[in-house]
Amino acid sequence: MEDDYWAIFKWHGLLRTAEEEEQDRFEAAPFVSTITSSFGKSVDHLLRACLRGCPQTYGKELDFVRAGPLDLELLYLRTSQRLLVHERWLSLDLAVAQLGFSDNVSEQDIVFHSVRTLFADALGQFPLTSFSNLGDKARTPEWHRRSALNRAEQRLVDYLRMGELVITPVPYIKGLHVKWQLDSQRSQALRVQIQCHSASFCSDKRKTMLTANDGQLHWP
Amino acid sequence: MTCDFRNLTNITALVRSIKACGAYCTAGSVVDFERGTLQGEYTQRDLISGFRYFFTVVYPEDPNSIVRLSDVMTCPPLAIAPTPEPTGPGPFSKSTTSRGPFTILMFAFAELGSKLDDMRAIFKVDEDSWYEGNDDNGGKAVIGILSDDKAKGGKKTTKRRKLN
Numbered sequence: 343m344e345d346d347y348w349a350i351f352k353w354h355g356l357l358r359t360a361e362e363e364e365q366d367r368f369e370a371a372p373f374v375s376t377i378t379s380s381f382g383k384s385v386d387h388l389l390r391a392c393l394r395g396c397p398q399t400y401g402k403e404l405d406f407v408r409a410g411p412l413d414l415e416l417l418y419l420r421t422s423q424r425l426l427v428h429e430r431w432l433s434l435d436l437a438v439a440q441l442g443f444s445d446n447v448s449e450q451d452i453v454f455h456s457v458r459t460l461f462a463d464a465l466g467q468f469p470l471t472s473f474s475n476l477g478d479k480a481r482t483p484e485w486h487r488r489s490a491l492n493r494a495e496q497r498l499v500d501y502l503r504m505g506e507l508v509i510t511p512v513p514y515i516k517g518l519h520v521k522w523q524l525d526s527q528r529s530q531a532l533r534v535q536i537q538c539h540s541a542s543f544c545s546d547k548r549k550t551m552l553t554a555n556d557g558q559l560h561w562p
Numbered sequence: 018m019t020c021d022f023r024n025l026t027n028i029t030a031l032v033r034s035i036k037a038c039g040a041y042c043t044a045g046s047v048v049d050f051e052r053g054t055l056q057g058e059y060t061q062r063d064l065i066s067g068f069r070y071f072f073t074v075v076y077p078e079d080p081n082s083i084v085r086l087s088d089v090m091t092c093p094p095l096a097i098a099p100t101p102e103p104t105g106p107g108p109f110s111k112s113t114t115s116r117g118p119f120t121i122l123m124f125a126f127a128e129l130g131s132k133l134d135d136m137r138a139i140f141k142v143d144e145d146s147w148y149e150g151n152d153d154n155g156g157k158a159v160i161g162i163l164s165d166d167k168a169k170g171g172k173k174t175t176k177r178r179k180l181n
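Sequences listed follow chains F and R, in order.
Take 343 as the starting number for the first sequence in the numbering used here and just add one per residue.
Take 18 as the starting number for the second sequence in the numbering used here and just add one per residue.
Please note that the accuracy of each hint is not assured.
Only pairs whose alpha carbons sit at most 20 Å apart, straight line, appear in this in silico DMTMM-like list of lysine to aspartate or glutamate [stated by the list, open to error]:
#1 F:LYS549 <-> F:ASP386
#2 F:LYS352 <-> F:GLU362
#3 F:LYS383 <-> F:GLU429
#4 F:LYS402 <-> F:ASP386
#5 F:LYS402 <-> F:ASP546
#6 F:LYS521 <-> R:ASP88
#7 F:LYS521 <-> R:GLU58
#8 F:LYS516 <-> R:ASP88
#9 F:LYS516 <-> R:ASP63
#10 F:LYS402 <-> F:GLU369
#11 F:LYS383 <-> R:ASP88
#12 F:LYS383 <-> F:ASP405
#13 F:LYS549 <-> R:ASP88
#14 F:LYS352 <-> F:GLU363
#15 F:LYS402 <-> F:GLU415
#16 F:LYS402 <-> F:GLU429
#17 F:LYS549 <-> F:GLU403
#18 F:LYS516 <-> R:GLU58
#19 F:LYS383 <-> F:GLU403
#20 F:LYS402 <-> F:GLU495
#21 F:LYS549 <-> R:ASP63
Note that these hints are calculated values from the structure, not bench results.
Starting from the given sequences, assemble the full structure and let the hints guide the process.
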């Protein structure tokens, strides 16, 4: 068929490239309503925290979609300011396969690499202009984008060095005790802040408290 | 746990108290060393029994540090702290805590109650909180809680049930 005919089809929106078709299907895929696995919850929590901690991605919506066999991992929709991520990143086994690791890598490390990969992908889809006109004019937008990724990675590392919080009841004082291990490399100028929240009053905070700044908002 | 506080000179702790949206929220930290590994721990006292709570921990130096969430746990009901066994040579100092006879009897009853776990049945026999139980060997026991007056020798109950 002549190129002119293809151009007419394209002009009337009757023709799409394979990439465009994949993006359309990805966008139309249903959302994941509830995340059940601990791995999936960690990826969701940390990826949201990375988005919250970066000025260029702050406030963007995030949803996981049931996109089946589509290869697309993540799609940023500029019109709705929304990020869509394939649900395969909520599964530990599928994430391991996607990252190309063997089975002997710890779940914690898989979480780190999954979030890092997705956040880097997200930053890559944001317009480069959003990284221009930042503080240091001598730096290129690419540098600012790369440093945003580096800062997010460092926060992930700090988070993982803190270790899991183990909570136990202390009946003699009607109290609760929380304990965690710290990587000794983080001992320099260590300063941590602990908050105890009532689950009934602050249940929403389990989803919305993503960064230290969120806790600051509630201080008198 | 062995603590080496000499290694904690470069560690600062932040302690603040806050209240947010009607919830009881606090902040603070204690950090100990355990076998070369840094261990952080914190205890929140005087919560409401039966209410569910969770903790969050962050590095406040970076306002965008990621929040680590604990599981949700129910605050337990108040329990009586066990009395530590005296060790070493006597004499041992007596507690200066003032407790009325009723309280002492309650403690005694609580201790005795645990020893009666193997009884088949423990049931209330009258309104003065007398309890009677049978053990496997046919023996019987009666336990009572006295009010302050009774414990001081004022009035004595007349409702005590006779043992067979």
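> Looking at the structure, which of the earlier hints fail to hold?
Replying inline: Hint 21 contradicted; others consistent.
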